[in-house]
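Colleague: Sequence:
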Amino acid sequence: MSSDTADAKVECTEQPGENKELTGIRKWVAENLLLLLTLLGVAVGAVVGFGLRPLPPSKSTIILLSYPGELFMRILKLIILPLIMSSLIAGSASLNARLNGRIALRTFLYFLATSVINAVLGVILAVLVHPGDPGLKADKIESEVQKRSASVLDSLLDLGRNVVADNIFQATFQQAHTDYVNVTERVFNETSGVFYTIDVTMAVIKYRSGTNTIGIVVFCLAFGTILGTLGQKAKIVIEFFSVIFDVVMKMVTGVIWLTPIGVSSVIAGKILSVNNIALVMAQLGWFIATVIIGVFIYQLVIMQAIYCLFLRKNPFKFYLGLVQGTLTAFATASTAAALPVTFTLMEDKLKIDSRITRFVLPIGCNINMDGTALFVAVASVFFAQTNSIYLGVGELITVCFASTAASFSSASVPSAALVLILMVLTAIDIPDQDVFLLFAVDWLVDRFRTTNNMLGDCYAAAVVEKLSKKELMACDAILFQESSSFDNNLQKDFEPSDIVIDRGLNNGATK
Numbered sequence: 001m002s003s004d005t006a007d008a009k010v011e012c013t014e015q016p017g018e019n020k021e022l023t024g025i026r027k028w029v030a031e032n033l034l035l036l037l038t039l040l041g042v043a044v045g046a047v048v049g050f051g052l053r054p055l056p057p058s059k060s061t062i063i064l065l066s067y068p069g070e071l072f073m074r075i076l077k078l079i080i081l082p083l084i085m086s087s088l089i090a091g092s093a094s095l096n097a098r099l100n101g102r103i104a105l106r107t108f109l110y111f112l113a114t115s116v117i118n119a120v121l122g123v124i125l126a127v128l129v130h131p132g133d134p135g136l137k138a139d140k141i142e143s144e145v146q147k148r149s150a151s152v153l154d155s156l157l158d159l160g161r162n163v164v165a166d167n168i169f170q171a172t173f174q175q176a177h178t179d180y181v182n183v184t185e186r187v188f189n190e191t192s193g194v195f196y197t198i199d200v201t202m203a204v205i206k207y208r209s210g211t212n213t214i215g216i217v218v219f220c221l222a223f224g225t226i227l228g229t230l231g232q233k234a235k236i237v238i239e240f241f242s243v244i245f246d247v248v249m250k251m252v253t254g255v256i257w258l259t260p261i262g263v264s265s266v267i268a269g270k271i272l273s274v275n276n277i278a279l280v281m282a283q284l285g286w287f288i289a290t291v292i293i294g295v296f297i298y299q300l301v302i303m304q305a306i307y308c309l310f311l312r313k314n315p316f317k318f319y320l321g322l323v324q325g326t327l328t329a330f331a332t333a334s335t336a337a338a339l340p341v342t343f344t345l346m347e348d349k350l351k352i353d354s355r356i357t358r359f360v361l362p363i364g365c366n367i368n369m370d371g372t373a374l375f376v377a378v379a380s381v382f383f384a385q386t387n388s389i390y391l392g393v394g395e396l397i398t399v400c401f402a403s404t405a406a407s408f409s410s411a412s413v414p415s416a417a418l419v420l421i422l423m424v425l426t427a428i429d430i431p432d433q434d435v436f437l438l439f440a441v442d443w444l445v446d447r448f449r450t451t452n453n454m455l456g457d458c459y460a461a462a463v464v465e466k467l468s469k470k471e472l473m474a475c476d477a478i479l480f481q482e483s484s485s486f487d488n489n490l491q492k493d494f495e496p497s498d499i500v501i502d503r504g505l506n507n508g509a510t511k
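Under the UniProt record's numbering, the first residue of the sequence shown is numbered 1, with each subsequent residue one higher.
Careful, some of the hints might be misleading.
The calculated label-pair distances, taken between Cβ atoms and stated as ranges, are [claimed, not checked]:
#1 Thr201 x Val163: 25 to 35 Å
#2 Ile297 x Phe50: 25 to 35 Å
#3 Leu128 x Asp199: 30 to 40 Å
#4 Leu156 x Ala30: 27 to 37 Å
#5 Leu112 x Asn182: 32 to 42 Å
#6 Asp429 x Thr197: 53 to 63 Å
#7 Asn275 x Leu40: 26 to 36 Å
Listed next, the in silico SDA-like pairs over lysine to any residue satisfying Cα-Cα at most 25 Å (straight line) [as the list claims (entries may be wrong)]:
#8 Lys59 x Asn276
#9 Lys27 x Leu258
#10 Lys235 x Pro82
#11 Lys206 x Ile168
#12 Lys270 x Lys27
Honestly, the hints are just simulated from the structure, not real lab data.
Where is the CB? At the ideal position from N, CA and C, for every residue including glycine.
Please model the complete structure; the sequences and the hints are all you need to start from.
Modeller: Okay, structure coming up:
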């Protein structure tokens with residue numbers, strides 16, 4: 001009897017432990033279900049893509065496989081504009097103008113510093129690894145992309161034109177850019193007295209399809225900042241944009257569960273649509289490896305050191321909390337497309353102050369291109385090595401500054417960095433006829449550098465929140481004081497005589 005009871009006691013004591021472990025596993029799976037499904041989607045997309053390549057599939061098959069991913073991208077892009085506008089206006093209006101200025105200054109200084117770090121890292125890695133081979137030439141890899149005339153000056157001027165949008169409604173679907181056109185002019189020769197024609201290349205300002213996000217960001221920041229100075233009479237407008245933000249985030253909560261299907265479709269379609277993938281990898285393997293090494297050095301070493309320096313916390317816990325957003329950025333190759341997911345993770349999971357996230361993240365997805373600065377720097381040195389051109393210290397410094405400047409003028413859309421490479425190569429006088437080499441691999445490299453851009457925005461928000469703690473607390477105190485004075489004013493609106501009459505009526509009624 002005693003032995004039976006002892007066994008029963010052992011079983012009873014072991015059962016709660018087992019249940020606790022099972023409960024812990026189930027809880028972890030429930031909390032990370034979307035992440036696990038997204039990882040599964042990445043694996044399925046890669047298996048389907050590489051599995052179907054030997055067949056090979058028809059164009060119609062590739063289109064059908066890519067179709068769910070295309071719809072997923074369209075949904076994300078649909079949400080971007082209302083999300084950016086509502087978050088910036090509500091976020092900047094919740095802060096006072098002075099605090100807005102301080103947060104903006106800290107944000108821009110952080111973005112500038114990290115872009116310079118990435119450019120310098122790219123140059124150092126390209127010099128050490130030496131991925132460029134003079135045997136590589138552009139005619140070995142076909143490309144359907146046409147070359148564009150561009151310069152660093154044109155890019156910076158276009159950036160200014162888009163920052164100061166002349167029509168906020170036009171900015172929602174068009175952006176200004178410099179284009180070069182050939183114009184035939186008639187010239188009179190005074191010596192011979194004859195007119196003759198010459199072809200002249202002129203720079204003209206045109207509008208192309210695409211949201212001028214940076215112009216909208218600047219307008220919303222100014223609108224929200226001024227709105228915050230109007231006090232109680234602006235409260236309804238601020239609440240209006242806050243409700244819009246909440247509605248959009250509710251939509252994101254539903255859309256985010258489509259991520260595994262969208263990611264799987266996008267990856268499978270991209271793998272199937274690339275021609276001669278083995279040849280491309282063999283010829284440009286060292287270039288790809290250099291960029292990927294730079295991405296991981298920045299993410300796993302430099303970024304974590306910055307976080308640890310400012311926040312004095314375990315940085316990898318924060319890093320792992322952003323895995324879902326990193327996978328979305330990798331799959332979509334767009335920081336802007338990953339923005340809805342990033343908002344959810346930063347505010348709900350990592351508990352970063354919403355006033356900071358709504359201010360920093362929309363700005364960062366437009367001007368903070370850490371991965372682009374790294375990529376452009378590596379590519380510039382790569383093409384110098386390919387053409388057997390020696391770059392001295394002065395030229396390498398020029399590459400760093402030009403890559404940083406170019407990254408700030410980059411758009412948060414896929415493959416924007418390829419145009420920027422032409423600008424930097426022009427600045428250091430390197431032939432750009434081989435740039436088309438990179439078009440064959442940009443579909444892959446773009447995804448890695450986009451994760452740098454997205455994570456850079458998130459770490460910027462965490463650092464800026466830490467540096468702005470005092471100002472945020474002061475802002476909370478001001479808001480509390482304003483709400484208290486507003487309540488007192490409401491109480492003063494009731495006349496004492498009214499209260500006496502009411503009491504008398506009530507007493508009479510009871511009597």
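Colleague: Now tell me, hint by hint, if it's right for this structure.
Modeller: Checked hints:
| no. | hint | in the structure |
| --- | --- | --- |
| 1 | Thr201 x Val163: 25 to 35 Å | 27 Å, holds |
| 2 | Ile297 x Phe50: 25 to 35 Å | 28 Å, holds |
| 3 | Leu128 x Asp199: 30 to 40 Å | 45 Å, violated |
| 4 | Leu156 x Ala30: 27 to 37 Å | 49 Å, violated |
| 5 | Leu112 x Asn182: 32 to 42 Å | 38 Å, holds |
| 6 | Asp429 x Thr197: 53 to 63 Å | 32 Å, violated |
| 7 | Asn275 x Leu40: 26 to 36 Å | 28 Å, holds |
| 8 | Lys59 x Asn276 | 16 Å, holds |
| 9 | Lys27 x Leu258 | 22 Å, holds |
| 10 | Lys235 x Pro82 | 20 Å, holds |
| 11 | Lys206 x Ile168 | 16 Å, holds |
| 12 | Lys270 x Lys27 | 35 Å, violated |
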